[in-house]
Amino acid sequence: MTTSDAAGAARPEVARPAGSPLAELDPVLTAPKRLAVMGVLAASTSSDFAFLRDHLAVSDSDLSKQASALEQAGYVEVLKSGRGRGSVTTFRITKAGRVAFERHRATLRALLEGGGEPGS
Amino acid sequence: MESDLDRDLLTDQLREAERGAVAPWVSYPPVPWWYAPAYGAWATTYTLTLLLDGDAVRTVLQALHVVAMIAAIALIRRWRGTYPRGRAPRELNAPFALLVGGALVVLGVVSLLFQLVSPWLAAVAAFVLATLLVQLYERRYAAAAQRVRERLA
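So the sequence lines, in the order shown, correspond to chains A and B. Take the first sequence: its letter number 4 is residue 4 in this note's numbering, and every next letter is one higher. Take the second sequence: its letter number 79 is residue 79 in this note's numbering, and every next letter is one higher.
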């Protein structure tokens with residue numbers, strides 16, 4: 001089951017514990033590696049697969065899995081150029097992704113400044 | 001207990017987000033030895049175009065210099081795998097100011113030498129000063145980038 005946010009991106013529904021500050025956060029971005037990917041992409045015109053993999057210190061398959069989840073949520077677009085061994089995969093944040101990341105980061109800060117209590 | 005755990009999780013998440021957001025600015029491969037002299041060579045050859053008599057030839061060569069600079073930026077982007085955008089970490093403001101201010105000083109000195117002393121001396125000065133400026137800038141940038149990484153460690 002999925003819902004759409006204001007930017008029209010599909011967001012998977014995940015059961016979240018009631019009363020927890022984490023319930024206010026975007027479930028797609030609560031995974032640290034996905035959040036880190038979004039952080040890199042929000043601060044760059046685009047980034048290629050190798051840069052993201054090296055920054056996150058993950059395997060190729062792990063990064064592919066995280067990127068796929070972000071692409072499905074509409075937060076990232078994947079661009080492929082070239083063929084065979086010379087091919088390059090580049091990622092770029094979408095408008096919806098940028099909105100979601102900034103909102104998620106602002107929520108984290110607000111929750112931490114508010115002492116981490118729900119609704120503060 | 002649960003609220004402490006939540007707080008730790010939130011802090012970790014924010015740290016991941018902030019580390020990601022600075023990575024395009026502070027994660028890059030070592031700068032090759034020829035990087036600064038390449039800028040010096042560009043400044044020298046550009047200075048030398050001012051000696052040319054024909055407007056059309058001079059304009060074409062100067063335009064080629066601009067194209068070369070754009071191509072260099074595209075290559076740097078490909079080499080690094082990313083290119084930063086938006087607001088840089090505050091620690092990088094000083095190196096940026098050094099680069100802009102230094103470029104203006106180099107331009108002023110080279111212009112004065114060109115007009116008042118000798119165009120050839122101006123071309124040599126362009127190479128030396130541009131190379132030194134870029135070397136100094138890269139060192140200051142690397143030190144500032146390290147401070148950014150330490151802040152978010």
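Read the hints as simulated data drawn from the structure, not as lab findings. If you're wondering where the values come from, they're calculated on a predicted model, not measured in any experiment. Just so you know, not all the hints are guaranteed correct.
Calculated pairs, EDC-like style, for lysine to aspartate or glutamate (alpha carbon to alpha carbon, straight line, at most 20 angstroms) [to be verified]:
(1) A:Lys65 x A:Asp54
(2) A:Lys33 x A:Asp54
(3) A:Lys80 x A:Glu102
(4) A:Lys33 x B:Asp55
(5) A:Lys33 x B:Glu138
(6) A:Lys33 x B:Glu91
(7) A:Lys95 x A:Glu113
(8) A:Lys95 x A:Asp60
(9) A:Lys33 x B:Asp53
(10) A:Lys65 x A:Glu113
(11) A:Lys95 x A:Asp48
(12) A:Lys80 x A:Asp26
Facing chain A, according to a computed beta carbon distance under 10 angstroms, are these residues of chain B, among others [unchecked claim]:
(13) Gln13
(14) Glu16
(15) Glu18
(16) Ala68
(17) Ala71
(18) Arg90
Ideal Cβ positions, reconstructed from N, Cα and C, are used throughout, including at glycine.
Evaluated hints:
no.: 1; hint: A:Lys65 x A:Asp54; result: holds (15 angstroms)
no.: 2; hint: A:Lys33 x A:Asp54; result: holds (12 angstroms)
no.: 3; hint: A:Lys80 x A:Glu102; result: violated (26 angstroms)
no.: 4; hint: A:Lys33 x B:Asp55; result: violated (56 angstroms)
no.: 5; hint: A:Lys33 x B:Glu138; result: violated (30 angstroms)
no.: 6; hint: A:Lys33 x B:Glu91; result: violated (25 angstroms)
no.: 7; hint: A:Lys95 x A:Glu113; result: violated (27 angstroms)
no.: 8; hint: A:Lys95 x A:Asp60; result: violated (26 angstroms)
no.: 9; hint: A:Lys33 x B:Asp53; result: violated (59 angstroms)
no.: 10; hint: A:Lys65 x A:Glu113; result: violated (32 angstroms)
no.: 11; hint: A:Lys95 x A:Asp48; result: holds (18 angstroms)
no.: 12; hint: A:Lys80 x A:Asp26; result: violated (28 angstroms)
no.: 13; hint: Gln13; result: holds (6 angstroms)
no.: 14; hint: Glu16; result: holds (5 angstroms)
no.: 15; hint: Glu18; result: holds (7 angstroms)
no.: 16; hint: Ala68; result: violated (21 angstroms)
no.: 17; hint: Ala71; result: violated (16 angstroms)
no.: 18; hint: Arg90; result: violated (14 angstroms)
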